[in-house]
Amino acid sequence: MNFGEFLIRRADDMLELGLAHAAVVGGAVLISTLIGVALGVLTYQSERARETVLAITGSFLTIPSFALFILLLGPLGLGWKPVLFALVLYGLMPVVRNTITGLRGVDPAVVESAKGMGLSRRQLLLRIELPLAWPVIITGVRVTTLVLLGIAAIGAIVNGPGYGELIFTGLARVGTPVAVNMVLAGAVGVMILAVVFDLAFYTAKRLTTSRGIR
Amino acid sequence: MSAPATAASTTDAEVVQTQSAPPRRSWPGYLTMPLILGLVCLGMFLYVQSRELDSIEARSLNARTILTALQGHVMLTAVSTLVTLVISVPLGVLLTRSFTRVIRPYIIGVLTVLQAVPTIAILVLLAVAFLFLGFQAAIVGLVLYAIIPVLLNTMVGLEQVDENVMEAGRGMGFSRWQVLTKLEVPLAVPVILAGVRTALVINVGTATLVTYIDAGGLGDIIVAGLSTNRILVQLIGAALTAVLALLVDYIAGIAEDLLRPKGL
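So the protein lines, in turn, are chains A and B. With the first letter of the first sequence counted as 1, position 45 gets the number 45 in my numbering; the numbers rise by one all the way through. With the first letter of the second sequence counted as 1, position 24 gets the number 1024 in my numbering; the numbers rise by one all the way through.
Excised from the complex, chain A in its bound form (with noise of 0.2 Å):
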């Protein structure tokens, strides 16, 4: 049985485990982007809380994905929860970091006529500063969704969901025919997603972006 084959008779194990491991991949991002973003809000303006918050989230994203995996299966039990924390972690410091890059980047001139003109801290921020830095974030959450599909693939480890289980069954059945068949068709499975990601991402920074700056 040659790959295309195999493919077409898995289509829909390949549907399935697709859309398992988008959903535990778009969750992850989604939680990071939102706790990010939030963090970088809270410390781009003093140097030593940005220093703190992008080193503590940088080692998480040192941390090998295998250990944390492993770290993670007492608290939390086999399945998609270990993987979505661990996912979570992991996405934190290109959002953090775009964020803080982001509204640091934004025109002083910018922000001092907006207080001229009477904003609010609130108003300043959510009007003008962020909308200002929205690309340079999205961007971030872009790299981070790349990097959190390939380490999603490991999390078949911890009977995480998705392309991973293909990868992993194929390992354990190496010398068959058909083990090269599920590696593969587990690997162009997460290159598949990763190029959705990015058109989506492409467009929705296209779409989201305020006009002016655009």
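Calculated directly from the structure, the hints in this document are not laboratory data. Small disclaimer: the values here were computed from a predicted structure and weren't measured. Any given hint could be a false lead.
Stretch by stretch, here's where chain A covers chain B in the computed footprint (C-beta under 8 Å, at least three residues) [as the list claims (entries may be wrong)]:
1. 1122–1135
2. 1209–1223
3. 1233–1239
4. 1245–1259
Take a look, some chain B residues computed to stay more than 12 Å from chain A by CB distance [claimed, not checked]:
5. D1054
6. M1075
7. V1079
8. I1087
9. F1099
10. Q1115
11. P1118
12. Y1145
13. Q1178
14. T1181
15. L1183
16. G1205
Cβ coordinates follow ideal geometry from the N, Cα and C atoms, glycine included.
Using the hints, position chain B against chain A.
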């Protein structure tokens, strides 16, 4: 990405991968990480000592097994990082020369998306498709995966060198080669160092997975714990891996601070 990259990152921010090294670190800042890691190791040691290990646990959790795994892991990380740098830094230089200007955004875009290929898939494919196992296969897999982020880093680093500086160099009568070696490369050193750090951190993490292709490393201990259902062994293996990764990142961070050319 460090602060000077801000201007570039608004357009090229998709490639910002490395964490910025804090520009100035106070002494307590330098000491926190080793202190935490030391305490974690001490805690693990005392806990394992206080437990009555069964024969399966004792087979994994003894000094000799752990040291062998650790040594293998460090070797894998060092060799793969070296190979990664030897390939990706010159390639990065090549891809930022003027003849690639038209296709460069596409290269960067493709490389960015390729980062999503799961490492484990690369490693396992080497094993199942080519029956390529062991240390050399692991190095190939690790390098294939780490090349992309380091390459992206180098390219961005070289691109963000101020055009005016290069113009001034040319005005002083520098040849193209001199502009590259005397201006571009020294000015891009911080970014290349950040790339080294990225490569180290990625490789130290990925090296955990090469146990699946019989290449040793600390992953051996975790997988031994998984396959014999010994939670203690899994946890110790995972915690040791995490400690090693954080330590490598910490040392690389210090090296980054020390090696950065003065005046930048």
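> Of the hints stated earlier, which fail here?
Replying inline: The structure breaks hints 10, 11, 12, 16; every other hint is satisfied.
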